[in-house]
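Trainee: Sequence:
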Amino acid sequence: MLAHGSNGLVLEHSGKLKSDRYGLWTGRLRFSMPATRPELLPAVGSVHPGVSWMHCEDRDITLTPGRWLVDCSYVGTDAIDTTAVYELQRNTNTEPIETHEKFVTHIAGKPSAPLNGALFVDEDGTPTADDKRGLFHRFIAVKPDGSRNRFAGMTGFLSPSSTQWVKSWTSRTKPTDGGGVGKIDTPEGGATSFAGCDWLYVGMQFSERVGVYSIRKSWMLSGRGGWIPEVYEPDGATS
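For the sequence shown, the numbering used here gives the first residue as 2, with consecutive numbering after it.
A portion of the hints provided could be inaccurate.
[Stated by the list, open to error] Per label pair, the in silico range of CB-to-CB distance:
(1) Glu102 to Ser194: 31 to 37 Å
(2) Ser15 to Leu64: 38 to 44 Å
(3) Val143 to Ala114: 19 to 25 Å
(4) Gly190 to Val122: 19 to 25 Å
(5) Thr156 to Arg225: 18 to 24 Å
(6) Gly181 to Val143: 49 to 55 Å
(7) Tyr87 to Ala114: 44 to 50 Å
I should point out that these hints are in silico values taken from the structure, not numbers from a laboratory.
No residue lacks a Cβ here, since even glycine has one placed at the ideal position from N, Cα and C.
Modelling step: build the complete structure from the supplied sequences, incorporating the hints.
Mentor: Below, the structure is given as structure tokens:
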């Protein structure tokens with residue numbers, strides 16, 4: 002109970018509130034109280050005196066002669082105002098040059114018809130033109146005409162294969178939908194679609210702060226052709 006005077010818990014500074022884009026509200030209040038009455042200390046988890054859906058998360062106590070100065074931090078989420086934030090994170094990974102979709106047609110060709118100075122060898126490391134035995138080895142550094150080969154040293158390429166769709170929000174309800182992680186899924190929030198690709202539910206994390214849950218879910222985009230259904234099909238699904 003708040004009281005005016007030196008014998009009870011006194012609200013010294015009402016502070017201010019802040020809400021972030023994920024729907025999390027935070028604020029601080031300063032109280033003072035007699036050093037001889039520790040039972041007046043606001044409990045962690047106690048309700049904010051002015052906002053019923055915010056609760057005390059922690060306390061910072063300054064000891065002064067005869068009195069304690071107590072700074073309480075409060076957190077909460079207003080269900081009316083909570084809005085999820087969606088993000089598309091599109092990056093590149095280095096992939097083997099042999100996996101490029103144009104490897105045969107434009108980049109290295111094949112043992113019987115190499116392109117751009119590509120060298121193919123058999124299992125013994127001997128150069129070969131046999132399409133059944135030849136494996137890509139490298140690009141030669143200098144072309145037969147003496148010019149430098151611009152493909153020389155290339156063993157990989159940057160592929161836009163690291164693409165994630167992320168949903169972040171704050172809730173009063175503990176999430177329970179982590180069981181589908183690692184399965185083909187349709188992302189929440191209208192994720193961007195890419196031709197020939199689909200999405201895999203790859204992660205769900207949450208942290209709790211006095212009954213308030215900060216939640217993050219993420220999906221990863223497949224390469225062309227989609228995720229292999231036999232490996233990543235949701236439980237109980239039929240093809």
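Trainee: With reference to the structure, classify each hint as holding or not holding.
Mentor: These are the hints, each one checked on the structure:
{"no.": "1", "hint": "Glu102 to Ser194: 31 to 37 Å", "verdict": "violated, 19 Å"}
{"no.": "2", "hint": "Ser15 to Leu64: 38 to 44 Å", "verdict": "violated, 23 Å"}
{"no.": "3", "hint": "Val143 to Ala114: 19 to 25 Å", "verdict": "holds, 20 Å"}
{"no.": "4", "hint": "Gly190 to Val122: 19 to 25 Å", "verdict": "violated, 49 Å"}
{"no.": "5", "hint": "Thr156 to Arg225: 18 to 24 Å", "verdict": "holds, 21 Å"}
{"no.": "6", "hint": "Gly181 to Val143: 49 to 55 Å", "verdict": "holds, 54 Å"}
{"no.": "7", "hint": "Tyr87 to Ala114: 44 to 50 Å", "verdict": "holds, 47 Å"}
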